Amino acid sequence: MSTEEPPALVADLGTAAVRAFALEQVEGDRRMVASVNVPVPSPAVRSAVATAFAAATKQVLQFSSDADAPSTAAAHLLTNRPAVPRTLVVAPRADQVVVDTLEALSEACVHLLEPLYVSGRNAPSLGSVAEHLREVQADIVILLCSGRRQEWLPIQAVAELLAHSVIGPSLPAPVVVGDIPEALDAVTQALGPTLPPGSAPATNSDELIGNMNILQRRRTGAALHRDGIRRLPPEPGMTSLVSSSLQATARASRLLARRYELDSYVMDIGVSHGAVYAASRDESTHHVRADLGGQYGPATILREVGAQAVLRWLPTDVPIERLDELATLRMTYPNCPATTLEELLIEHAFLREQVHLLSTGAQRHIGDGPGSADRPMDLLVVGGSVLAQTPRVMQALLILLDALQPEGLTNLAVDRTGGLPILGLLSSPVEGPVASMLESDAVLNAGLVVAPVGRGREGQTAISVEVAYADRSPVTTEVPYGSLSVVLLPPGEQAALKLWPERDFDIGLGPGNAATPRFEIEGGAAGIIVDARGRPLELPEGVDRRQARMLDWFQSSGAYPPLPFVAAREAEAAADATIWTSSETLAAE
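Heads up, the sequence shown is in this note's numbering, so the first residue is 1 and it goes up one at a time.
The hints are simulated quantities; they were obtained by calculation from the structure and are not laboratory data. Please read these numbers as outputs of a predicted model, since none were measured by experiment. Yeah, the Cβ is synthetic: ideal placement off N, Cα and C, and Gly gets one too. Errors might be hidden in some of the hints.
Claimed, not checked - Each pair of labels, with its calculated beta carbon distance range:
| hint | residue 1 | residue 2 | range |
| --- | --- | --- | --- |
| 1 | E325 | R503 | 43 to 53 Å |
| 2 | T461 | L102 | 46 to 56 Å |
| 3 | T461 | D544 | 23 to 33 Å |
| 4 | E261 | P536 | 46 to 56 Å |
| 5 | L329 | A514 | 48 to 58 Å |
| 6 | V45 | F519 | 47 to 57 Å |
| 7 | D206 | E478 | 52 to 62 Å |
Throw the hints in and build the complete structure from the sequences for me.
If you want it as structure tokens, here you go:
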């Protein structure tokens with residue numbers, strides 16, 4: 001770095017915890033020198049976030065070498081508070097204008113609801129529109145003024161509904177968009193004082209995003225005030241900057257893709273949101289849902305997918321009522337961790353479906369861009385306090401392997417510290433090795449997954465893998481179809497890799513063709529995961545076989561410790577079978 005960067009204090013206000021990080025120059029590189037994580041017992045308690053914020057910033061400044069001179073530091077505040085805004089587009093009809101508007105809004109890190117069309121032969125009545133607005137509980141309503149006069153007049157009527165509080169006391173913030181002066185004037189006048197102060201109708205995508213950013217800053221300021229955080233920065237003399245942690249994570253995804261010239265895919269599930277960030281060197285997209293985080297995600301899954309989809313990921317029988325109980329518990333106590341191994345397994349079963357629903361939702365507007373089904377996941381990053389901070393790293397990785405099913409070779413990383421948004425906030429794609437040092441502090445290299453595509457007979461060898469270590473004899477492993485295998489390659493150690501898929505399996509060069517990566521691979525926290533379960537992954541149909549298969553995968557990958565309650569139930573079932581057999585024998589005698 002050509003100039004000395006000042007020390008920086010970064011605080012990330014999340015729903016589950018407040019994280020604080022101290023960054024300083026170390027031998028010419030900007031590094032994380034201290035981090036503190038202070039849990040938020042209950043985000044609903046007014047003072048809980050402010051108390052955690054004060055404690056985290058105080059502690060991290062004490063750990064920092066610049067603790068005696070905090071006024072020289074810059075303070076950055078990252079936050080996803082308030083929750084991701086539920087955003088509804090109200091338009092005359094489905095057309096290209098709506099498509100372009102939705103594409104522009106995808107850059108704003110909002111939860112996009114299904115658009116509401118209010119003109120045409122099948123248009124809903126005003127009463128139905130009011131009922132829909134009450135039902136969806138949008139935070140922001142985009143009023144799209146387009147088409148002929150008779151088409152945008154219903155938009156004016158919706159504006160009057162909002163202005164007269166017909167939908168209830170909790171009003172969404174309206175944003176007016178269009179390029180017809182008469183329509184913009186009419187709708188703006190109908191909104192009256194409901195229109196946020198200083199906001200003007202947007203006539204193009206840039207102005208729309210500008211208006212959305214203004215609204216977000218106001219919502220964030222109001223949320224911080226409600227949380228009792230009224231003084232920023234935390235120390236006199238510091239300069240400060242408040243940024244969206246979601247937008248910072250999106251920027252980090254783009255940065256990784258550009259620096260390494262690959263497709264990056266970040267799956268981020270926190271307490272208050274679920275998000276997918278996909279990026280290549282030249283383009284990026286993201287998909288955010290406020291109802292697929294740790295708090296509301298389980299209830300959303302039960303409502304949209306159903307209990308059976310969750311039960312299929314469990315190695316033992318669980319009553320459906322138990323799923324309902326856990327979903328209710330998470331809505332009420334979002335920051336309460338699992339207290340038993342069985343509860344943890346149920347949470348992770350829910351997470352598999354949350355990841356899958358986020359991924360399929362993203363596919364609907366990705367097209368053929370990064371993250372689409374026909375493009376490889378070169379780098380898969382696990383993020384978010386719920387998904388990335390599972391008790392074992394392998395648990396988070398196995399959730400993603402089950403739900404996303406990457407093919408070929410995919411590099412794995414986990415944001416265990418919550419530092420990925422900091423990477424997006426403070427790094428530049430042109431910083432090269434300097435940013436790489438900060439990246440190594442923020443994100444944990446988890447290793448590599450090798451996943452051949454194809455089908456075979458259970459037990460038949462699907463792929464042979466040779467790992468040639470630098471300081472010891474090479475290891476060759478034959479991995480049978482239907483199984484998971486983990487090959488040791490510790491963090492920081494490098495090795496050459498050779499892959500020999502069987503003739504019905506493809507690792508990216510065609511069925512049966514061997515592959516040798518051009519560069520040595522570097523070890524990570526999980527080593528090399530060989531996923532020979534086939535693509536697409538299909539679970540056995542029978543309940544007993546499916547549960548046995550799940551148990552085998554959980555144990556062979558080392559994701560979970562031995563499951564005593566499963567063994568106990570199997571022993572109980574075996575005992576029942578013995579008693580039944582003995583009774584039949586006595587009856588026969």
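Right, here's what the structure says about each hint:
no., hint, verdict
1, E325 with R503: 43 to 53 Å, "holds (49 Å)"
2, T461 with L102: 46 to 56 Å, "holds (47 Å)"
3, T461 with D544: 23 to 33 Å, "holds (26 Å)"
4, E261 with P536: 46 to 56 Å, "violated (28 Å)"
5, L329 with A514: 48 to 58 Å, "holds (50 Å)"
6, V45 with F519: 47 to 57 Å, "holds (51 Å)"
7, D206 with E478: 52 to 62 Å, "holds (56 Å)"
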